[in-house]
Amino acid sequence: MKPHTPDSSARAALIIVLVFVLLWEGGVRLFSVPVYLLPAPSTILLTLAQNASMYAQATLLTVGEALAGLLLGVLAGVIIAVLLTLVPHIEAGVMSLAIMIKSTPLVAIAPLLTLWLGFGVLPKIIITALLTFFPVLVNVISGLQRVDGALLDLFRSWRASRWKLFLYLRLPSAVPYIFAALKISAPLAITGAVVAEWTGASGGLGRVMWLAYANLNLPYLFAPIVILAAIGISLYRLLAHAERRLVFWLPSSTVE
Amino acid sequence: MDLTVSCLSHVYPGRKTRPALEAVDFTVPSGQFVALVGPSGCGKSTLLRLIASLIQPTAGRIEIDGGLTPSQAAAAQHIAWMSQSPALLPWLTARDNIAILRRVLPEGTRLRLSPDEALSMVGLEAAAEAYPFTLSGGMQQRLALARLLTLDSSLWLMDEPFAALDELTRERLSQDLLELWQPLRPTVLWVTHNIYEALRLANRVLVFTPQPGRIAADIDVPLPYPREEADPAFQQVLLQVRQALSLNRNQYEAAHA
Chain A
2 MKPHTPDSSA RAALIIVLVF VLLWEGGVRL FSVPVYLLPA PSTILLTLAQ NASMYAQATL
62 LTVGEALAGL LLGVLAGVII AVLLTLVPHI EAGVMSLAIM IKSTPLVAIA PLLTLWLGFG
122 VLPKIIITAL LTFFPVLVNV ISGLQRVDGA LLDLFRSWRA SRWKLFLYLR LPSAVPYIFA
182 ALKISAPLAI TGAVVAEWTG ASGGLGRVMW LAYANLNLPY LFAPIVILAA IGISLYRLLA
242 HAERRLVFWL PSSTVE
Chain B
47 MDLTVSCLSH VYPGRKTRPA LEAVDFTVPS GQFVALVGPS GCGKSTLLRL IASLIQPTAG
107 RIEIDGGLTP SQAAAAQHIA WMSQSPALLP WLTARDNIAI LRRVLPEGTR LRLSPDEALS
167 MVGLEAAAEA YPFTLSGGMQ QRLALARLLT LDSSLWLMDE PFAALDELTR ERLSQDLLEL
227 WQPLRPTVLW VTHNIYEALR LANRVLVFTP QPGRIAADID VPLPYPREEA DPAFQQVLLQ
287 VRQALSLNRN QYEAAHA
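Residue numbers (the working numbering), protein chains in the order written: chain A, 2 to 257; chain B, 47 to 303.
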């Protein structure tokens, strides 16, 4: 059996994707599937190439909203987690509130925010932040509180203050958990921005997709999916790379 | 630093029927190396945690250095703690794992050694820039020892510090520990379930009974260092400790039959 290297698994992934695309292309041609039901990959790529600048502009807007929302969500999640760790007796109350926000369906909040805040980028950023902050909150709380018992004993034997315990032990212990949260939240941020645009926007990939869907123009609808998949994969890889650099003391937890 | 434990009992919450430690009394003069020996669950680790004030006793008193409570002694940085886990910060190099004491301890705390001095005391000067995960188990425990030496403390509480190491590494480290202990002469309480280790190191062995933990025997080890296992005097003390252990095991089994 061949050794399992990152190189060989990347090659395997590429082959799987290629086979899938070829089967799709062949199937569409063989059975003459009408383009308003399922466009062939070649048609989608052609659409993408012919409208490159339009898609580039939409992508920029969507990614901008997604990243701004993610940043806001991560900041909120980390800050609330830190507060709950330093002031434990408010945890139950704040967590109920967070779960309430988490349980409210996005499709119910998105139109409301559009109604209140208009078709601009602000409601998209807020929706993305709402969607991404919960995984961060839950993971960072775990990271801050699940500290190695022997290290905790040691810091206690030194009579370290609560603040120093937090700064030198709890916070660094939480870094791997922050990455675990980011790997969940980053793809969610893209989804959040697109769904938010779908419910009413003046631009962005979600808006393009909604228009294409309304006109049953399927190549236009599929092209953004290709872009979104590429962005999702790039974001994940970027995070995995940063994780390996920053959390060097743990074996890599990322499937590449 | 002397230590007096009087009528000390401890019951863990939720286990009311069976105390971990019951009416334990003993006095340790300054500079003595005491091994606490007994089967697992005999409360010897509990005793150590009580003295380190990591937990609070249900009843009884602990006096350190002629009247300080454990918590006062810890606040004055008189106590150094070491356990089976090296408890190193994985994101810091060996040197920084010691240097962090400066930041974590209250300002103005006196330290006995610089990080580099401490590393060379345990033979780790070449590993100063290494991260703990690249070090062997024995080297990690040496690093923990270097950190303990850095503290200017005169009561070392050591909870089976070498128990997770292989026998050879363990003997090497015990030998090195003795050499580090002799010039400084801190009071040591050393929890172990290894009788040989206890007799290689300690001036005195306290044998504990299991559940509830009580002192079954208080045995002097008046042997010079380094100690030879083949020495008849060593064998004689070994027999004494063995007898105390099996005696109280028989009593325990009879009582719980």
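Possibly wrong hints are sitting among the right ones.
[Unchecked claim] List time: in silico SDA-like cross-link candidates among lysine to any residue, alpha-carbon distance up to 25 angstroms:
| no. | chain 1 | residue 1 | chain 2 | residue 2 |
| --- | --- | --- | --- | --- |
| 1 | A | Lys165 | B | Gly87 |
| 2 | A | Lys165 | B | Thr215 |
| 3 | A | Lys165 | B | Ala69 |
| 4 | A | Lys165 | B | Leu138 |
| 5 | A | Lys165 | B | Arg149 |
| 6 | A | Lys165 | B | Gln221 |
| 7 | A | Lys165 | B | Ala145 |
| 8 | A | Lys165 | B | Thr50 |
| 9 | A | Lys165 | B | Cys53 |
| 10 | A | Lys165 | B | Leu293 |
| 11 | A | Lys165 | B | Ile101 |
| 12 | A | Lys165 | B | Asp212 |
| 13 | A | Lys165 | B | Gly154 |
| 14 | A | Lys165 | B | Pro59 |
| 15 | A | Lys165 | B | Ala300 |
| 16 | A | Lys165 | B | Ser117 |
| 17 | A | Lys165 | B | Gln102 |
| 18 | A | Lys165 | B | Gln282 |
| 19 | A | Lys165 | B | Tyr177 |
| 20 | A | Lys165 | B | Pro152 |
| 21 | A | Lys165 | B | Glu153 |
[Unchecked claim] Some chain A residues flagged as far from chain B (calculated, every beta-carbon gap over 10 angstroms):
| no. | residue |
| --- | --- |
| 22 | Pro173 |
| 23 | Val176 |
| 24 | Leu251 |
Source of the hints: derived by calculation from the structure; they are not laboratory data.
Think of the CB as a built atom: it goes at the ideal place given N, C-alpha and C, for glycine as much as any other residue.
So, going through the hints one by one against the coordinates:
For a cut-off of 25 angstroms, the pair hint linking A:Lys165 to B:Gly87 is broken: about 33 angstroms separates their Cα positions. At most 25 angstroms may separate the alpha-carbon atoms for a hinted pair to count; A:Lys165 and B:Thr215 exceed this at roughly 34 angstroms. About 36 angstroms separates the Cα atoms of A:Lys165 and B:Ala69, which puts this hinted pair outside 25 angstroms; it is violated. A hinted pair counts as satisfied when its Cα atoms are at most 25 angstroms apart, and A:Lys165 with B:Leu138 qualifies at roughly 16 angstroms.
Proposed proximity of A:Lys165 and B:Arg149 is supported: the alpha carbons are some 8 angstroms apart, at most 25 angstroms. Our distance criterion of 25 angstroms between C-alpha atoms is broken by A:Lys165 and B:Gln221, whose separation comes to about 35 angstroms. Note on A:Lys165 and B:Ala145: the hinted pairing holds, with a Cα-Cα distance of about 14 angstroms set against a maximum of 25 angstroms. At most 25 angstroms may separate the alpha-carbon atoms for a hinted pair to count; A:Lys165 and B:Thr50 exceed this at roughly 32 angstroms.
A distance of roughly 35 angstroms separates the Cα atoms of A:Lys165 and B:Cys53; the hinted pair therefore is violated under the 25 angstroms criterion. For the given pair, A:Lys165 sits about 48 angstroms from B:Leu293 by alpha-carbon distance, which is inconsistent with the 25 angstroms threshold. Straight-line distance between C-alpha atoms of A:Lys165 and B:Ile101 comes to about 20 angstroms, which keeps the hinted pair within the 25 angstroms bound. Taking the CA atoms of A:Lys165 and B:Asp212, the gap is about 35 angstroms. The hint is violated against a cut of 25 angstroms.
Pair hint A:Lys165 plus B:Gly154 holds up; C-alpha atoms about 15 angstroms apart against a cutoff of 25 angstroms. Between A:Lys165 and B:Pro59 the CA atoms are separated by roughly 29 angstroms; this puts the pair beyond 25 angstroms, and the hint is violated. Distance check on the hinted pair: A:Lys165 and B:Ala300 sit about 50 angstroms apart at the alpha-carbon level, beyond 25 angstroms; violated. The straight-line distance between the Cα atoms of A:Lys165 and B:Ser117 is roughly 18 angstroms, inside the 25 angstroms bound, and the hint therefore holds.
Taking the CA atoms of A:Lys165 and B:Gln102, the gap is about 23 angstroms. The hint holds against a cut of 25 angstroms. With a C-alpha separation of about 50 angstroms, the suggested pair A:Lys165 and B:Gln282 falls outside the 25 angstroms cut-off, and the hint is violated. Distance hint between A:Lys165 and B:Tyr177 is fulfilled; the C-alpha atoms sit about 22 angstroms from each other, no more than 25 angstroms. Distance hint between A:Lys165 and B:Pro152 is fulfilled; the C-alpha atoms sit about 10 angstroms from each other, no more than 25 angstroms.
Of the pairs offered as hints, the one joining A:Lys165 and B:Glu153 holds, with about 12 angstroms between alpha carbons and a cut-off of 25 angstroms not exceeded. Not every Cβ of chain B is farther than 10 angstroms from the Cβ of A:Pro173; the closest lies at roughly 5 angstroms, contradicting the non-interface assignment. Residue placement check: A:Val176 does not keep its beta carbon more than 10 angstroms from all beta carbons of chain B (closest about 8 angstroms). The non-interface label for A:Leu251 is inconsistent with chain B: the shortest C-beta to C-beta separation is roughly 8 angstroms, within 10 angstroms.
Hints 1, 2, 3, 6, 8, 9, 10, 12, 14, 15, 18, 22, 23, 24 from the list above are not met by this structure, while the remaining hints are.
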